[in-house]
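> Take a look at the letters that make up each chain.
2 protein chains.
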Amino acid sequence: MKISSLVTKTSKTIPGDELASNAQLLIKAGYLHKEMAGVYAYLPLGLMVIEKIKTIVRQEMNAIGGQELLMSTLQPRELWEITDRWDDKKVDNWFKTKLNNGTELGVGLTHEEPVVNALKDYITSYKDLPKKVYQIQQKYRNELRAKSGLLRGREFIMKDMYSFSIDQAQHDIQYEEIVAAYLKIYQRLGLGDLTFRTYASGGIFTNKFSDEFQFISPIGEDTIFIDEKLKVGVNKEVFNDDNLKKMGLHKNNLVEKRAVEVGNTFHLDSKYSDALGMYYHDQTGQKKSVIMGSYGIGISRLMGVITEHFSDEKGLVWPDQLAPFLCYLTFIADNDQQIKKTEKLYQDLTSLHIGVIYDDRFSRPAEKFADCDLLGIPIRIVINQKTIDDDQYEIKLRTKKELVYFNYQELLQYLKKKGE
Amino acid sequence: MKISSLVTKTSKTIPGDELASNAQLLIKAGYLHKEMAGVYAYLPLGLMVIEKIKTIVRQEMNAIGGQELLMSTLQPRELWEITDRWDDKKVDNWFKTKLNNGTELGVGLTHEEPVVNALKDYITSYKDLPKKVYQIQQKYRNELRAKSGLLRGREFIMKDMYSFSIDQAQHDIQYEEIVAAYLKIYQRLGLGDLTFRTYASGGIFTNKFSDEFQFISPIGEDTIFIDEKLKVGVNKEVFNDDNLKKMGLHKNNLVEKRAVEVGNTFHLDSKYSDALGMYYHDQTGQKKSVIMGSYGIGISRLMGVITEHFSDEKGLVWPDQLAPFLCYLTFIADNDQQIKKTEKLYQDLTSLHIGVIYDDRFSRPAEKFADCDLLGIPIRIVINQKTIDDDQYEIKLRTKKELVYFNYQELLQYLKKKGE
Numbered sequence: 001m002k003i004s005s006l007v008t009k010t011s012k013t014i015p016g017d018e019l020a021s022n023a024q025l026l027i028k029a030g031y032l033h034k035e036m037a038g039v040y041a042y043l044p045l046g047l048m049v050i051e052k053i054k055t056i057v058r059q060e061m062n063a064i065g066g067q068e069l070l071m072s073t074l075q076p077r078e079l080w081e082i083t084d085r086w087d088d089k090k091v092d093n094w095f096k097t098k099l100n101n102g103t104e105l106g107v108g109l110t111h112e113e114p115v116v117n118a119l120k121d122y123i124t125s126y127k128d129l130p131k132k133v134y135q136i137q138q139k140y141r142n143e144l145r146a147k148s149g150l151l152r153g154r155e156f157i158m159k160d161m162y163s164f165s166i167d168q169a170q171h172d173i174q175y176e177e178i179v180a181a182y183l184k185i186y187q188r189l190g191l192g193d194l195t196f197r198t199y200a201s202g203g204i205f206t207n208k209f210s211d212e213f214q215f216i217s218p219i220g221e222d223t224i225f226i227d228e229k230l231k232v233g234v235n236k237e238v239f240n241d242d243n244l245k246k247m248g249l250h251k252n253n254l255v256e257k258r259a260v261e262v263g264n265t266f267h268l269d270s271k272y273s274d275a276l277g278m279y280y281h282d283q284t285g286q287k288k289s290v291i292m293g294s295y296g297i298g299i300s301r302l303m304g305v306i307t308e309h310f311s312d313e314k315g316l317v318w319p320d321q322l323a324p325f326l327c328y329l330t331f332i333a334d335n336d337q338q339i340k341k342t343e344k345l346y347q348d349l350t351s352l353h354i355g356v357i358y359d360d361r362f363s364r365p366a367e368k369f370a371d372c373d374l375l376g377i378p379i380r381i382v383i384n385q386k387t388i389d390d391d392q393y394e395i396k397l398r399t400k401k402e403l404v405y406f407n408y409q410e411l412l413q414y415l416k417k418k419g420e
Numbered sequence: 001m002k003i004s005s006l007v008t009k010t011s012k013t014i015p016g017d018e019l020a021s022n023a024q025l026l027i028k029a030g031y032l033h034k035e036m037a038g039v040y041a042y043l044p045l046g047l048m049v050i051e052k053i054k055t056i057v058r059q060e061m062n063a064i065g066g067q068e069l070l071m072s073t074l075q076p077r078e079l080w081e082i083t084d085r086w087d088d089k090k091v092d093n094w095f096k097t098k099l100n101n102g103t104e105l106g107v108g109l110t111h112e113e114p115v116v117n118a119l120k121d122y123i124t125s126y127k128d129l130p131k132k133v134y135q136i137q138q139k140y141r142n143e144l145r146a147k148s149g150l151l152r153g154r155e156f157i158m159k160d161m162y163s164f165s166i167d168q169a170q171h172d173i174q175y176e177e178i179v180a181a182y183l184k185i186y187q188r189l190g191l192g193d194l195t196f197r198t199y200a201s202g203g204i205f206t207n208k209f210s211d212e213f214q215f216i217s218p219i220g221e222d223t224i225f226i227d228e229k230l231k232v233g234v235n236k237e238v239f240n241d242d243n244l245k246k247m248g249l250h251k252n253n254l255v256e257k258r259a260v261e262v263g264n265t266f267h268l269d270s271k272y273s274d275a276l277g278m279y280y281h282d283q284t285g286q287k288k289s290v291i292m293g294s295y296g297i298g299i300s301r302l303m304g305v306i307t308e309h310f311s312d313e314k315g316l317v318w319p320d321q322l323a324p325f326l327c328y329l330t331f332i333a334d335n336d337q338q339i340k341k342t343e344k345l346y347q348d349l350t351s352l353h354i355g356v357i358y359d360d361r362f363s364r365p366a367e368k369f370a371d372c373d374l375l376g377i378p379i380r381i382v383i384n385q386k387t388i389d390d391d392q393y394e395i396k397l398r399t400k401k402e403l404v405y406f407n408y409q410e411l412l413q414y415l416k417k418k419g420e
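Here the protein sequences line up with chains U and L, keeping their order. Just so we're aligned: the first sequence equals residues 1 to 420 in the numbering used here. Just so we're aligned: the second sequence equals residues 1 to 420 in the numbering used here.
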């Protein structure tokens, strides 16, 4: 894409009404527009990053047999009354709305009840189990405060998976398979080293701990204690001697950290399946409870975490696999030779399906480079007199200071490998 | 995918609370779950079809330089008061909700105002124009009646594009480019022959007609008059002698038809851009109005139209390019030889990326074939004794009665071509 045709531009000013540094930076770079506190629109570059995160998450969910579906945002009250999650005194962050005839509806904040209700006619025999379904969609939560940008939205993008099993043993196998997929996702996003599987309170349905996936970061709202050797964490809320014994952890090996939750997995037992009448018949024809789990990853929150973690004083820094474009390409002098050479390379990269944004503006190089840095594009390619005279292409990585020079063949080789 | 691992199943009974034949059929086949009147969940097979429609629409929007973004569902009241579209007396199909502090919010029914507001800092010079942006997302409309299944939803999936131009001449070029892309989309969806670009009332902002894209069908809610030779239609609402003269059409060549609207395009002039303060500076530095258009295609409505149009008494009939799987594969007798042969072909097709659903159940062939028909899979491949003895694979197309036989190499050749 040519930068002149891109609908957004970068800006030098920090938006005054935005407190969170992730959203400030994404707004300055033209990735995001703030609609109101906790509600953002994804402009083209921002949506490209969201789609790349979604693709990684989707691939790992599909790889373990997850089947994607899409539940509705509008929710009938009756479904949530069955499980006593309709009343605002019980669930205090519903957005609610009304049909023209006055009937109250919920605006989807999670989907256990509707998923069970939609699938209960299909899951009736032990032969139908185990199963895993998931969706990626907007969720709506009526948060009192929403000052953390993409880290805590009133409207946000989430992947939620639900598993169904014949018993606890089958459930445990599914649960661990999903946990393994989560750890793979954080690795692929570039967050693996600092993400800890963390014991957290299990809720009221089971005596098991739930798991949080906590990313160590000073911006985090949570306090956890980590064992770096075992690569495991404990949320402060369950940090006591009794629990540590159950977990097989030793206080002396645990270090306190701030962290931000980038995923969670819950054991639900048969709380929702029983309530909504999803049962299965076993080999002997006996009616039995379906054991469930639920598993969430905040896609837009991940974008916020990645923004804060990788960015520097010059702007955004995207890992290759998440950048809207792998390369930024421009010329130094606006002479015919350089422009022709640049356009030729732009064509070549485009036909090789290597993501490239071509800065075709006649601005000062320093201004262009500042934009490239603010946008966070991983590889900057500059066409200058050396390119014309000596077939030397100037390369600079967003994360490095040095300039590197490649001839044309080396350059293509290098980019093809990077783009894999 | 193996049918035994698919989370849904077909059903023999028509859902009692569903009146629309498109939704009845999609529910029977396990593509859709009804949440409430006008609100559906897309189960895995249904979501696959939606995604295929989205991909075609997205490709054509990108091909004309459209840039995809994603606006928010939650809408601040102030934005809509500026254009006088907040009051329920002015716009009677809003869903509204409230923040915990009592602030009223809208639940997105269209996005002219927020799109202009988000882009007005970026569109400030004649150099920034023309531009086109679009999104694909859920819209919410508080319809009094919602009895037409996917044809009129309270929650539905829509592609909406917005164009920005320096003047009417530039706008007209953009407008016609988008109309051409729309016609291409209907062709690719298999609806081209029966879709007519149709004059409709232009709204209050311009003296131009708007265009509807009307698909001729007895299920349609609209009455139009078509000139089959010119491939053009006139909506009843603008059907009078004066208008026909302006359109250059002759009453004698026009035939009355029922039709369902599958897209529309509007000239907005500078109604929204002026109101929300989006202006540009021309070459001489003069501040000028931005001319806009808006362009909608209902993705889920298209799924409903395609369902009704192609289906027959046996069930769904998907065109190759929209089917969740191109092939249905099964064996006749549950003997080792046939099962092995079937699994081998299943592996081969999967590794060739040819979409296939493998019916691995030991049911009666007649039952399996009925399922294949209800699901609407284009190509049925059956492994039987002839396959084992003579390398003959039995093929039946969903839209044909005859059986055809191919040897293994011919079969792969045929499917590769079909899958292109």
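These are computed hints drawn from the structure, not numbers from a lab. Treat the hints with caution; some may be incorrect.
[What the hints assert, rightly or not] Lysine-lysine pairs mimicking PhoX-like chemistry, simulated, CA-CA at most 20 Å apart: (1) L:K90 / L:K341; (2) U:K288 / U:K271; (3) U:K147 / L:K271; (4) L:K271 / L:K9; (5) L:K368 / L:K400; (6) L:K120 / U:K34; (7) L:K131 / U:K90; (8) U:K12 / L:K120; (9) U:K2 / L:K246; (10) L:K90 / U:K139; (11) L:K386 / L:K341.
> Given the hint that K386 (chain L) pairs with K341 (chain L), does the C-alpha gap stay at or below 20 Å?
Distance of about 12 Å is within 20 Å: holds.
> For the pair supplied as a hint, K147 (chain U) and K271 (chain L), is the alpha-carbon distance within the 20 Å limit?
This hinted pair is violated, its Cα atoms lying about 34 Å apart.
> Between the alpha carbons of K131 (chain L) and K90 (chain U), is the straight-line distance 20 Å or under?
Outside the cut-off at roughly 47 Å; violated.
> K120 (chain L) and K34 (chain U): Cα distance at most 20 Å?
Cα-Cα ~13 Å, so holds.
> With the threshold set at 20 Å, check whether the alpha-carbon distance from K90 (chain L) to K341 (chain L) stays at or below it.
Violated, because 65 Å separates the two Cα atoms, which is more than 20 Å.
> If you draw a straight line from the CA of K90 (chain L) to the CA of K139 (chain U), is it 20 Å or shorter?
violated, 29 Å
> Just to be careful, I want the Cα atoms of K2 (chain U) and K246 (chain L) compared with a cutoff of 20 Å; is the pair within it?
With a Cα-Cα distance of about 41 Å, the restraint between K2 (chain U) and K246 (chain L) is violated, given a limit of 20 Å.
> Given the hinted pair K271 (chain L) and K9 (chain L), is their alpha-carbon gap at most 20 Å?
violated, 50 Å
> Is K12 (chain U) within 20 Å of K120 (chain L), Cα to Cα?
holds, 16 Å
> Taking only the CA atoms, is the gap from K288 (chain U) to K271 (chain U) under or equal to 20 Å?
holds, 13 Å
> Would you mind confirming whether the straight-line C-alpha gap from K368 (chain L) to K400 (chain L) stays at or under 20 Å?
holds, 17 Å
Figure legend: structure checked against the earlier numbered hints; hints not met, in rising order: 1, 3, 4, 7, 9 and 10.
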